[in-house]
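S.K.: If you want the building blocks of each chain, they are given just below.
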Amino acid sequence: MRLDGVRVLDFGWVWAGAVPGQMLGFLGAEVIKVETRKRLDYMRVGRPIVGTEPDPEQQPMFHNVNRGKRSLTVDFRSDAGRELILELVRHCDVAIENFAPGVLDRAGLGYERLAEQRPDLVMLSLSGGGQQGPLRELRSYASTIAAYSGLDSLAGYPGEEPIGIQQAYPDPNASLHGAFALLAAIYRRNQTGLGEHIDVSQLEAGLATVGEAVVAVDLLGGDPPVVGNGGYGGEAFQACLRCRGEDSWVTVQAEGPEDLRRIAELLGVDPAGTPEAIEQALSGWCLDRDHVEAMEVLQAAGVAAGAVTDAGDRFHHPHYRSRGTYLETEHPVIGWEMVYREPWLWWGETGQVGRAPLMGEDNEYVVRELLGRSAADYAHLVETGVLQ
Amino acid sequence: MTGPVHPLAGLRCVELSERGAGGYAGKLLRRLGAEVVKLEAGEGDPLRHRGSFPHRADGRHTTAAFDYFNEGKPVAGIATGADLVRLCEGADACIVDLEPARRAALGIDHELVRRLPVRVVALISPFGESGQYAGYRGPEIVTSAFGGVNVAIGQPDRPPLKIPLMQGAVQGGLIAGIAVLGHLCGPAGESAPDRPAGEPAVAEVSVTDVWATVHTGTTLVAYLFGNRVRGRYGHRVLGAPYPHQLFRCQDGWIAIQASEKHQYREFLEMVGKADWYAERPFGSRRAMNDEHGDAVDAALAPWFMARTRAEIAAECRRRKIPAAQVQTVSEVRDDPALRERGCLETFEGGTGVPVTAPRPPFRFRTASLTPPGPVPVREEGR
Chain A
332 MRLDGVRVLD
342 FGWVWAGAVP
352 GQMLGFLGAE
362 VIKVETRKRL
372 DYMRVGRPIV
382 GTEPDPEQQP
392 MFHNVNRGKR
402 SLTVDFRSDA
412 GRELILELVR
422 HCDVAIENFA
432 PGVLDRAGLG
442 YERLAEQRPD
452 LVMLSLSGGG
462 QQGPLRELRS
472 YASTIAAYSG
482 LDSLAGYPGE
492 EPIGIQQAYP
502 DPNASLHGAF
512 ALLAAIYRRN
522 QTGLGEHIDV
532 SQLEAGLATV
542 GEAVVAVDLL
552 GGDPPVVGNG
562 GYGGEAFQAC
572 LRCRGEDSWV
582 TVQAEGPEDL
592 RRIAELLGVD
602 PAGTPEAIEQ
612 ALSGWCLDRD
622 HVEAMEVLQA
632 AGVAAGAVTD
642 AGDRFHHPHY
652 RSRGTYLETE
662 HPVIGWEMVY
672 REPWLWWGET
682 GQVGRAPLMG
692 EDNEYVVREL
702 LGRSAADYAH
712 LVETGVLQ
Chain B
26 MTGPVHPLAG
36 LRCVELSERG
46 AGGYAGKLLR
56 RLGAEVVKLE
66 AGEGDPLRHR
76 GSFPHRADGR
86 HTTAAFDYFN
96 EGKPVAGIAT
106 GADLVRLCEG
116 ADACIVDLEP
126 ARRAALGIDH
136 ELVRRLPVRV
146 VALISPFGES
156 GQYAGYRGPE
166 IVTSAFGGVN
176 VAIGQPDRPP
186 LKIPLMQGAV
196 QGGLIAGIAV
206 LGHLCGPAGE
216 SAPDRPAGEP
226 AVAEVSVTDV
236 WATVHTGTTL
246 VAYLFGNRVR
256 GRYGHRVLGA
266 PYPHQLFRCQ
276 DGWIAIQASE
286 KHQYREFLEM
296 VGKADWYAER
306 PFGSRRAMND
316 EHGDAVDAAL
326 APWFMARTRA
336 EIAAECRRRK
346 IPAAQVQTVS
356 EVRDDPALRE
366 RGCLETFEGG
376 TGVPVTAPRP
386 PFRFRTASLT
396 PPGPVPVREE
406 GR
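Chains as they are written, first to last, in our numbering: chain A, 332 to 719; chain B, 26 to 407.
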């Protein structure tokens, strides 16, 4: 694997914090997730799959975004826990954290302290508004990032008030920008031996998603319009049309005259008709078939079309099935479950990344094997609650 | 020890992009210090003409999308796949995002991709290189729909909405860049057991897969274990504990999400409904959201409509409730806090007009980004 030999100390939690480490794990790094039972990762909290008792091992959401990692459960706010982390970081190449700015510093585990132990450490700090500056104290969720960054203002039906994107898109978006920066800094470290501390704010990563709209303010002399499902670039038409069945929809783009002709020929209507007339005819045609059939017939005619899928559609769809987009696996506690695979496919390679860890599953590996501590030392750390 | 200021100094990348994804990957790589050459086939990158927000001035034509994704890149023209092979000589990586039919027209097939003289190739397409939809066309609205994003945006009884702008390009570009850098961070000369020496590693990036995995993959959990699919709920999130939504106020909208109990208590105190915490007039927080959202909104409307976004945001800050004004794009562009942090930058756009755009969101303690550069111009009609 590409990042074989790269070890990651991963304090990242919830969604945004979990994904950068996951990306490095997908590339072959050994990722040690640092957890504490005093404050569970929110992704470990929820209704259990088996039985009725709360159980941090029963959250498939957690299993998805932490697949392939190891787990070390340590009270890193205790003196002995802090010392353990400081010892461990000497064996690590990368650290990841997404606590509020200053939290790790106050725990005695900020970048400077970690870099004293490991000077070429590459560390990512992911936060809402950045490690410095006027937004350092920003309390944010993905929903508020979408609002502040301007993305929500563009989501709505034309001529109506904004309704927002209403999903946590800014979380993985920030994670992926963080992973990108981490890899750039690892590349530099490999070339020069230099460590680095990277500051990525979710808000700035959110801004990166509205880049062309910000540019458009200068070009258009004002805010870009809310177009709903319409296009921004002079397409003949672009729409989301109702199909047969409950909440069944297909998206279609007619880029120009050639696409209009293809649609008209498929429908048997006048190809010289206006885009509005052809779109109207297509609306009627879609009502007679379900969203996937509409997509396939249109694409076979050379027209860009895509069914609006829900989770069930995607899980069962033969296209995703044949590409192995979702992996069916066995989890030691809940049994059968589904996890998404890496977001890329390497040609000619079939390597599989393992499951998400149970809490503290790798405590002994880390303390005994990596750090070389004695059995008595290990037992003492367990007895005193440093290892949980 | 000292070293180059830019993280990717010395890395060379060739980008052949027409859908934005390769452009975004190339933009970030360039700003991180890589030497990136943008290749344009035939008439040039169609994004110059058909991307988001076209603009014409002084006989020059561009789009805001082209400007944003391509500032500062040197460009070169190619006619065929053979030109691509030639121009990859000496490069470390090649990123291609042309749709399959377009690649075929240029003679860029899988065999040619395997002959590219680079260490790693990212091949981006709407639906991937395998599976029954492999050759399908995939503009943004199509990939985000099939990838499961659109289904949650909009009103429940009306068409699902596309996620605004070119998010597929941004996310596809990020994943392509991560794959490329991940490979280049590994040992040089690494070859998979069944990959002949000298052949590049190829990372296939399907934009629909990117949506369906990292972004919407976790929504399958609720379906598989709770038999629930995510629906649209207008300015709210279905299934969320109240409040998790946009609120109409005196001068626009404000987003508030008070998920944790202490945040919810503060929220109720703020809007003058502290008694709701114990009395629960609308039932559970989930029932407040899913079943009585309109009634709850109506009860709180007088409080919100008596205040501006800024006033409410300030009060939320004081009470440590996560909240943010729904800003228009021009408000974002002029936001004093974003300006103070240096989140925006200016460069010469494709029509010669200075344009402002977000700066890549990376800040390094010791390394730095390269500066933005003018958008590469290509003569009309070439």
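Keep in mind the hints are simulated off the structure, nothing from the lab.
Any given hint could be a false lead.
Computed Cβ-Cβ distance ranges for the label pairs, DEER-style [unchecked claim]:
| id | chain 1 | residue 1 | chain 2 | residue 2 | range |
| --- | --- | --- | --- | --- | --- |
| 1 | B | H135 | A | L618 | 38 to 46 Å |
| 2 | A | G666 | B | G160 | 31 to 39 Å |
| 3 | B | D276 | A | E680 | 49 to 57 Å |
| 4 | B | V402 | A | E589 | 35 to 43 Å |
Here are a few chain B residues that sit away from chain A, every Cβ distance over 10 Å (derived from the structure) [as the list claims (entries may be wrong)]:
| id | residue |
| --- | --- |
| 5 | E60 |
| 6 | G69 |
| 7 | G97 |
| 8 | P142 |
| 9 | V235 |
| 10 | A323 |
| 11 | A335 |
| 12 | E356 |
This structure is a prediction, so every number in the text was calculated from the model and none was measured.
The beta-carbon is built from N, C-alpha and C at its ideal position, and this holds for glycine as well.
S.K.: Sort out which numbered hints this structure fails and list those numbers smallest first.
M.R.: 4, 9 and 12
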